[in-house]
Amino acid sequence: DTGVSQDPRHKITKRGQNVTFRCDPISEHNRLYWYRQTLGQGPEFLTYFQNEAQLEKSRLLSDRFSAERPKGSFSTLEIQRTEQGDSAMYLCASSPLGTGGEYFGPGTRLTVT
Amino acid sequence: AQSVTQLGSHVSVSEGALVLLRCNYSSSVPPYLFWYVQYPNQGLQLLLKYTTGATLVKGINGFEAEFKKSETSFHLTKPSAHMSDAAEYFCAVRGDNAGNMLTFGGGTRLMVKP
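Top to bottom, those sequences are chains A and B.
For reference, each letter of the first sequence is one residue, going 1 to 113 in the working numbering.
For reference, each letter of the second sequence is one residue, going 114 to 227 in the working numbering.
Isolated chain A (complex conformation) (with noise of 0.2 Å):
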């Protein structure tokens, strides 16, 4: 399978706790983005990147909140001192220069207890 996969899929942890996810994109892609999706909302931008530039970040993701992708290829969200309100599913997405949409994977289910 050569879609975007993320890891984990599930975590639970205790609010203080850091947490990091990892985004593995489609191999060709060079655009990378975050996406968080709460329960019956739609997805909400957080980040996005152009190869290994953080070309932009949403007023969403507060100082607790990091994304890196050191060499263009995978790409790690990192939660520093989580709260409760930090559970929700967080969706990597991935996508080649142009005007097509954005293919996502199955996503990580962060619960914050």
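Hint data in this document are derived by calculation from the structure and do not stem from the laboratory.
Certain hints may be false.
[To be verified] A short, non-exhaustive set of chain B residues, derived as facing chain A with CB atoms under 7 Å:
1. 152
2. 155
3. 156
4. 176
5. 218
We put the CB at the ideal spot given by N, CA and C, even for glycine.
The hints should help you fit chain B onto chain A, whose structure is shown.
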């Protein structure tokens, strides 16, 4: 800034009936428009997209959508619903934002009755 409104958070149809899911958008520039489907505990799958050219766009699983600039709409239709179409459907727009990200509507849950 762009936005998407999906009218009806829940739509119920009988198997074999027409499916119509509504989407209206706002964008300050000609938009690129998308429909995604999401099955439970899964990511989003691209159904179809409009970028330029023909305003009637055909997608996977028998779905199609028509871009109507005058109505700022991009409604999703399927002539005959199948049980397997039951899922959450999201309309999204990519407009003039520098980040090229998608802005999604709130989603419509489609239920198909036997």
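Q.
Tell me the hint numbers this structure goes against, listed in increasing order.
A. Structure breaks hints 1 and 4.
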